[in-house]
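Enquirer: Take a look at the letters that make up each chain.
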Amino acid sequence: MTALPLEFIELQPFVAEWALNNERDRFFKLTQTSIPTLREFYDAMVPRAEAIADYLNARDLNNLSEDARTLFHLLITFVETAHPIELKWKTTDIEDAFPAERFGFGETSCRSPI
Amino acid sequence: MTVKTTTTFVGDLEGLQSRVNILDRVQPEFYRQEVEKVFRRGWLLVASVSDIPEPNTYLAREIPTLNTCLIIARGEDGEVRAFHNMCRHRANQLVPEGQGTAKAFICGFHGWSYHNDGRLAGITDRTQFKDIDESTLGLIPVHTEIWEDFVFVNFDKEPRQTLEAWLGAMYDGYRGYFSNKPKIASHRITVNCNWNIALTSFTEGYHAMYVHKATVPDYQGGSSNPDRHRPYIEVTNYHGRYSVEGNPNHKPTEVEAIAYQNGRKMYPTFPPNATVDLDLPPGVNPLRIENWLQDIIEIFPHTFLIASAHWHTVVWFWPLDVDRTLIYGESFAYEAKTVDDHMAHTYFRTRLREVFREDVGIIESINRQLKSGVMEDMYLSQQELLLQKHYGAVDELVDQA
Chain R
12 MTALPLEFIE LQPFVAEWAL NNERDRFFKL TQTSIPTLRE FYDAMVPRAE
62 AIADYLNARD LNNLSEDART LFHLLITFVE TAHPIELKWK TTDIEDAFPA
112 ERFGFGETSC RSPI
Chain Z
137 MTVKTTTTFV GDLEGLQSRV NILDRVQPEF YRQEVEKVFR RGWLLVASVS
187 DIPEPNTYLA REIPTLNTCL IIARGEDGEV RAFHNMCRHR ANQLVPEGQG
237 TAKAFICGFH GWSYHNDGRL AGITDRTQFK DIDESTLGLI PVHTEIWEDF
287 VFVNFDKEPR QTLEAWLGAM YDGYRGYFSN KPKIASHRIT VNCNWNIALT
337 SFTEGYHAMY VHKATVPDYQ GGSSNPDRHR PYIEVTNYHG RYSVEGNPNH
387 KPTEVEAIAY QNGRKMYPTF PPNATVDLDL PPGVNPLRIE NWLQDIIEIF
437 PHTFLIASAH WHTVVWFWPL DVDRTLIYGE SFAYEAKTVD DHMAHTYFRT
487 RLREVFREDV GIIESINRQL KSGVMEDMYL SQQELLLQKH YGAVDELVDQ
537 A
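Residue numbers (my numbering), protein chains in the order written: chain R, 12 to 125; chain Z, 137 to 537.
Please note: incorrect hints may appear among the correct ones.
Unchecked claim - Cut-off 27 Å, straight-line C-alpha distance, at most; resulting in silico cross-link-like pairs (DSS-like, lysine-lysine): (1) Z/K349 to Z/K387; (2) R/K40 to Z/K173; (3) R/K99 to R/K40; (4) Z/K140 to Z/K319; (5) Z/K140 to Z/K239; (6) Z/K507 to Z/K173; (7) Z/K317 to Z/K140; (8) Z/K140 to Z/K349; (9) Z/K293 to Z/K173; (10) Z/K387 to R/K99; (11) Z/K349 to R/K101; (12) Z/K319 to Z/K239; (13) R/K40 to R/K101; (14) Z/K473 to Z/K319; (15) R/K40 to Z/K319; (16) Z/K349 to R/K99; (17) Z/K387 to R/K101.
What the hints assert, rightly or not - In silico negatives: residues of chain Z with every beta carbon more than 10 Å from chain R: (18) R155; (19) I242; (20) T260; (21) K266; (22) P295; (23) E300; (24) Y307; (25) M345; (26) P353; (27) G419; (28) R460; (29) E466; (30) G509; (31) Q518.
Calculated directly from the structure, the hints in this document are not laboratory data. Glycine residues also receive a C-beta, built at the ideal position from the N, C-alpha and C atoms.
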């Protein structure tokens, strides 16, 4: 498993599940997890998000070390999966929305730094 | 006392019908007319020029309504051309759907090859063919024109009007706005719903208060516009557009605030118009309203665009059959350079994605209900004027010989 930079080592338990590098994986992770599991991740990330952004802003995004890249993916997954907690959904999917399992993703011209 | 938002209506409203027959439209016979007279004769938006930014890049895109797939290619000379993705030998598909880079396309069936400007490059085992003229065996072209960042095609033998005439009042007013933004999201679904029902569930704001409670409870409305009226609604020859007023008292969630703290303000947050540091062309937020969230622009027949200060979205509705529609949604934004930019982009694309999933969550059951045959017509409000125009335009074209 990839290690995080030492400053953020307390977030290490979330890396395996949440340091995802594309929107599709984040979406299916989100809709298949539970609110309590998501909340643990959310609660751990909220107080650290600005420090993570500061840490990464001081670096060249196109040339991140492996631990910084993992941190980047953890941050972006956090941003993309915060909606059920913040909007107070009963589950990690919206009631009455188009079914997650029928939702598809295409190509983009803009990838997250690899 | 708060001044309430009123709607400025623009365009020729004569002849628009607030009562629209809906039962006929979900019948196979009417759908066949739509395919032949609307889709085969009209100019169709098929791709964004941004998808093929460099010479020798191409995009292969299915046009399921007309049973074809197109190669939209930028040649070595920089010109954008569209061809059927079909070998001229025995009709095999040349390249799979998707984006790529190629100077030539080579058929996997018997190895015929084509330059990316459509000319035949070579026939394998050439001496075994008698009486053929290579100069007539290039890829089969489609009438293609470019407007702003969009590629349009026309499948008629000869287009009945120019793209400029087809776009009418939409043609001017967007100069440069849609260009130079990378694609940051691409979503794709197939719905069991008629294409008109699917498209028109997005082209009015009347539903927003009811359908989008879970995703964007307070992005519109507020004391000056409790009924969320559109400040500007315009209909043109076939198309329509309106501006959406944001709620100045919108409360960003915690992560929304983090995501837009240093990056540019994106949906459902919006920058005050006076602070938008872009030279927006006159077609975008035409009234220059201060609490401007976005514009919705229907480019008839099967797409709508969302235009905002720092991003735009294109949504396609390709009919597969009378009751099935392929929907693509693609979003474009300024290039992300910093972590703040990436947070803004990813927050935006996922919040909008969930709003979109609410919109499409409702339409399959509507289609089923209409198929019951119980309800013949529907009554549309002034805030649903784009629907009046959409159905009027469909009828005008279907009624032609």
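Enquirer: Evaluate each hint against the coordinates.
Expert: Hint by hint, here is what the structure shows:
A distance of roughly 14 Å separates the Cα atoms of Z/K349 and Z/K387; the hinted pair therefore holds under the 27 Å criterion. Distance hint between R/K40 and Z/K173 is unfulfilled; the C-alpha atoms sit about 44 Å from each other, more than 27 Å. Proximity of R/K99 to R/K40 is assessed by CA-CA distance (about 18 Å); at most 27 Å being required, the pair is judged to hold. Straight-line distance between C-alpha atoms of Z/K140 and Z/K319 comes to about 37 Å, which puts the hinted pair past the 27 Å bound.
Restraint check: the Cα-Cα separation between Z/K140 and Z/K239 comes to about 58 Å, which exceeds 27 Å; the hinted pair is violated. Between the alpha carbons of Z/K507 and Z/K173 the distance comes to roughly 23 Å, so the proposed pair stays at or under 27 Å and holds. At most 27 Å may separate the alpha-carbon atoms for a hinted pair to count; Z/K317 and Z/K140 exceed this at roughly 35 Å. With a CA separation close to 22 Å, the supplied pair Z/K140 and Z/K349 stays within the 27 Å bound.
Note on Z/K293 and Z/K173: the hinted pairing holds, with a Cα-Cα distance of about 13 Å set against a maximum of 27 Å. Taking the CA atoms of Z/K387 and R/K99, the gap is about 14 Å. The hint holds against a cut of 27 Å. As the CA atoms of Z/K349 and R/K101 are separated by approximately 13 Å, the hinted pair is consistent with the 27 Å bound. About 23 Å separates the Cα atoms of Z/K319 and Z/K239, which keeps this hinted pair within 27 Å; it holds.
Only pairs whose Cα atoms come within 27 Å are accepted, and R/K40 paired with R/K101 is accepted, the gap being roughly 17 Å. For the hint linking Z/K473 to Z/K319, the alpha-carbon distance of about 14 Å falls within 27 Å, and the restraint holds. Distance check on the hinted pair: R/K40 and Z/K319 sit about 23 Å apart at the alpha-carbon level, within 27 Å; holds. Our distance criterion of 27 Å between C-alpha atoms is met by Z/K349 and R/K99, whose separation comes to about 11 Å.
Proposed proximity of Z/K387 and R/K101 is supported: the alpha carbons are some 21 Å apart, at most 27 Å. Non-interface status of Z/R155 relative to chain R is upheld: no Cβ of that chain comes within 10 Å, the nearest being about 29 Å off. Its beta-carbon lying about 22 Å from the closest one in chain R, Z/I242 satisfies the requirement of being farther than 10 Å from that chain. Listed as outside the interface, Z/T260 is consistent with that label: its C-beta sits roughly 31 Å from the nearest C-beta of chain R, beyond the 10 Å cut-off.
Every CB of chain R is more than 10 Å from the CB of Z/K266 (nearest about 43 Å), matching its label as outside the interface. Non-interface call for Z/P295 relative to chain R: holds, since the shortest CB-CB distance, roughly 29 Å, exceeds 10 Å. Against chain R, the non-interface label of Z/E300 holds: every CB pair exceeds 10 Å, the least being about 28 Å. At roughly 26 Å, the least C-beta separation between Z/Y307 and chain R is larger than 10 Å, which holds for a residue marked as non-interface.
Z/M345, annotated as away from the interface, keeps every beta carbon of chain R farther than 10 Å; the closest lies near 15 Å. In this structure Z/P353 is not separated from chain R by more than 10 Å, as the shortest Cβ-Cβ distance comes to only about 8 Å. With a least CB separation of 24 Å from chain R, Z/G419 remains clear of the 10 Å interface cut-off, as annotated. For Z/R460, the shortest C-beta to C-beta distance to chain R comes to about 13 Å, beyond the 10 Å cut-off, and the non-interface label holds.
The beta carbon of Z/E466 sits about 7 Å from the closest Cβ of chain R, which is not more than 10 Å, so the claim that it is off the interface is violated. Separation of Z/G509 from chain R is adequate, the least Cβ-Cβ distance of about 25 Å exceeding the 10 Å criterion. Distance to chain R confirms Z/Q518 as a non-interface residue, since its nearest Cβ pair spans about 28 Å, more than 10 Å.
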